[in-house]
Amino acid sequence: MTSQADPQATTASPRAPLVIAGLLFAVLAAIPLLSELWGGAWLTSLAVRAMILAIVAISLDLLMGHGGMVSFGHSAFVAIGAYACGIMLTEGVYEMALILPVAIAAAGLFALASGAICLRTSGVSFIMITLAFGQMVYFALGSLAQYGADDGLTLWSGPDFLGTRWLNSDMGVYITVFAVLLGTWALVHRIVQSRFGRVLRAARQNPTRVASMGYSVFRYRLTAYVIAGIIAAIAGVLWATHAAFVSPSLGAWQRSGDLIVMVVLGGMATRNGALVGALFFILIEETLSAITHDWRLIFGPLLVLIALYARGGLVGLLDRIRGPA
Amino acid sequence: MSEVVLELKGLSKAFGALVVTDRVDLDLRRGECHALIGPNGAGKSTLIHQISGLLKPDAGRIAFEGRDVTGLSQAERAVAGLGRSFQITSILPEFTVLDNVALAAQMRAGSSMRFFARADREEPLNRAAQEALNRVGLGDRAGIVAGELAYGEKRLVELAIAIAGKPRALLLDEPMAGMGRAESESLTETLLELKAQYPMLLIEHDMEAVFRLADRVSVLVAGAIVASGTPDEVRADPKARAAYLGDDHIEGAA
Numbered sequence: 004m005t006s007q008a009d010p011q012a013t014t015a016s017p018r019a020p021l022v023i024a025g026l027l028f029a030v031l032a033a034i035p036l037l038s039e040l041w042g043g044a045w046l047t048s049l050a051v052r053a054m055i056l057a058i059v060a061i062s063l064d065l066l067m068g069h070g071g072m073v074s075f076g077h078s079a080f081v082a083i084g085a086y087a088c089g090i091m092l093t094e095g096v097y098e099m100a101l102i103l104p105v106a107i108a109a110a111g112l113f114a115l116a117s118g119a120i121c122l123r124t125s126g127v128s129f130i131m132i133t134l135a136f137g138q139m140v141y142f143a144l145g146s147l148a149q150y151g152a153d154d155g156l157t158l159w160s161g162p163d164f165l166g167t168r169w170l171n172s173d174m175g176v177y178i179t180v181f182a183v184l185l186g187t188w189a190l191v192h193r194i195v196q197s198r199f200g201r202v203l204r205a206a207r208q209n210p211t212r213v214a215s216m217g218y219s220v221f222r223y224r225l226t227a228y229v230i231a232g233i234i235a236a237i238a239g240v241l242w243a244t245h246a247a248f249v250s251p252s253l254g255a256w257q258r259s260g261d262l263i264v265m266v267v268l269g270g271m272a273t274r275n276g277a278l279v280g281a282l283f284f285i286l287i288e289e290t291l292s293a294i295t296h297d298w299r300l301i302f303g304p305l306l307v308l309i310a311l312y313a314r315g316g317l318v319g320l321l322d323r324i325r326g327p328a
Numbered sequence: 009m010s011e012v013v014l015e016l017k018g019l020s021k022a023f024g025a026l027v028v029t030d031r032v033d034l035d036l037r038r039g040e041c042h043a044l045i046g047p048n049g050a051g052k053s054t055l056i057h058q059i060s061g062l063l064k065p066d067a068g069r070i071a072f073e074g075r076d077v078t079g080l081s082q083a084e085r086a087v088a089g090l091g092r093s094f095q096i097t098s099i100l101p102e103f104t105v106l107d108n109v110a111l112a113a114q115m116r117a118g119s120s121m122r123f124f125a126r127a128d129r130e131e132p133l134n135r136a137a138q139e140a141l142n143r144v145g146l147g148d149r150a151g152i153v154a155g156e157l158a159y160g161e162k163r164l165v166e167l168a169i170a171i172a173g174k175p176r177a178l179l180l181d182e183p184m185a186g187m188g189r190a191e192s193e194s195l196t197e198t199l200l201e202l203k204a205q206y207p208m209l210l211i212e213h214d215m216e217a218v219f220r221l222a223d224r225v226s227v228l229v230a231g232a233i234v235a236s237g238t239p240d241e242v243r244a245d246p247k248a249r250a251a252y253l254g255d256d257h258i259e260g261a262a
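Chain order of the listed sequences is A and B. Count along the first sequence starting at 1, add 3, and that's the number in my numbering. Count along the second sequence starting at 1, add 8, and that's the number in my numbering.
Just so you know, not all the hints are guaranteed correct.
What follows is a set of in silico ranges between Cβ atoms, one per label pair, in the way DEER data are often shown [stated by the list, open to error]:
1. A:Ser-252 to B:Gly-18: 37 to 45 Å
2. B:Arg-129 to A:Gln-257: 55 to 63 Å
3. B:Ala-67 to A:Ala-148: 38 to 46 Å
4. A:Ala-135 to B:Glu-84: 28 to 36 Å
5. B:Arg-176 to A:Thr-211: 53 to 61 Å
6. B:Glu-84 to A:Leu-21: 36 to 44 Å
7. B:Glu-131 to A:Ala-119: 47 to 55 Å
8. B:Arg-129 to A:Ile-178: 48 to 56 Å
To be clear, the hints were calculated from the coordinates, so they are not data collected in a lab. Glycine included, each C-beta is placed from N, C-alpha and C at the ideal position.
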């Protein structure tokens, strides 16, 4: 019943999501200045991590929220991007203008091949097959003996950016990640509203009807799968650049689970849900883990409460607190 | 005799031991409404599903406008021009009525692999959708979220979706199912208007509607066609009467 009321609540005040997004981005933009006063490098590093995860969460929401494809292997694409960057840096290729296309191509091809198989199924089978592909990537990366195997790979130098050392400064990385997040947030929204997005959203509601209208549902879903995989891989490249370290655990299934939690927590298929969910997740993780090592004991019940009382996630909760405009 | 648009030859399908389509030969000609009637469980919907590509037949072939479409997917057949409605209302409940129909129009308006421009602001698509809605009498409901429509109105969205895809023939699976008397009478009028433009294969239980709309009637019993002809011929056919219609029923409808 609440879900029936939601679309009207948002049409009543179409500007509200933009205001929320504006505030969030303003805070994120202010963090480097804020960190001069309090928190220092810890704060900016936390914000970079949160923003990178937000990029991935937004890409997952394209699949999950808008496309109805619950992928339990999305972090594999992050790992593919991170390893493309890590391996190229180790092999002496430092230019981002070379690293990024390779990461995109690798993730795109993997998404095309694995997606073509995953998308033969749906529902629980889809979840299981994406999980299986994710684990395949995880173990494959862990077996790369020349690139650190399970222990991962330390990157001694960051990538160049068109010949400059831009990505070797904390500020350069911060601004880049911020820009990519802003771009992803805007791009995915455009995609969702486009002809392509309309077919994708329709196919989540009623694939048979969409097929009977003359659309090959498979093609549209596969395209979304590739787009989401590529965005996640770009986030992976940023991760490797920021952390100067990559390891197979980037692609572990727990990470994919966390991503699903972020999207659901924030509110699926909403303008800011994935963004809010990712930022909130990192904030809670950081706060609670400072209090206790067993922070998930507190986080778990919190999730249950949100699942029970905040249908539509945190964004939905915000809408209701503001009340009918 | 006018041109054959759709032709089924020896179509057969079984679910395990249950034969649901038994060597069906059927055709649909330009300008006509061919009604398919039969008792519940006769395999009428299963037959429509096979024609539209939702189910694969075990044997036989389906030709549409002279082209063998038996191997085509559901989407490919829709592109070829086979539009359909569903017996159990099948719309996009979260979209507005206009978006439901505009999406159907979008299929005929160039590539849908466009990723940036807002689809709901494409005037030609919205105009085509509005026209289809006007034709089925839902013109004033365009802005409503489809899931919130009354039942009868959802049935009309079905029909608007089907015609917005610019079909070359319509497969209508019980368009009047569950409608009240006034609603089904008004829908009969709408279908009479559409008949001039689209050849129709119509499944319907409402005998009054069938005998008003149909130029030909075929009776399906246990997956096989037992009688076929003009409405009057079928009314008089003892096999059809025995198998399905029942004497009372036919007098009542006449």
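Verification of the hints:
1. Separation of Ser-252 of chain A from Gly-18 of chain B is about 59 Å and departs from the stated range, judged on CB atoms against 37 to 45 Å.
2. For the hinted restraint 55 to 63 Å between Arg-129 of chain B and Gln-257 of chain A, the CB-CB distance of approximately 42 Å leaves it violated.
3. One distance hint, 38 to 46 Å for the beta-carbon pair Ala-67 of chain B and Ala-148 of chain A, is violated here, with the actual separation near 56 Å.
4. Distance hint for Ala-135 of chain A and Glu-84 of chain B: a CB-CB separation of about 31 Å, consistent with the stated range 28 to 36 Å.
5. One distance hint, 53 to 61 Å for the beta-carbon pair Arg-176 of chain B and Thr-211 of chain A, is violated here, with the actual separation near 21 Å.
6. The given range of 36 to 44 Å is respected by Glu-84 of chain B and Leu-21 of chain A, whose C-beta atoms sit roughly 41 Å from each other.
7. With their beta carbons about 36 Å apart, Glu-131 of chain B and Ala-119 of chain A fall outside the hinted range of 47 to 55 Å.
8. The supplied range of 48 to 56 Å is broken by Arg-129 of chain B and Ile-178 of chain A, whose beta-carbon atoms lie about 33 Å from each other.
Hints 1, 2, 3, 5, 7, 8 from the list above are not met by this structure, while the remaining hints are.
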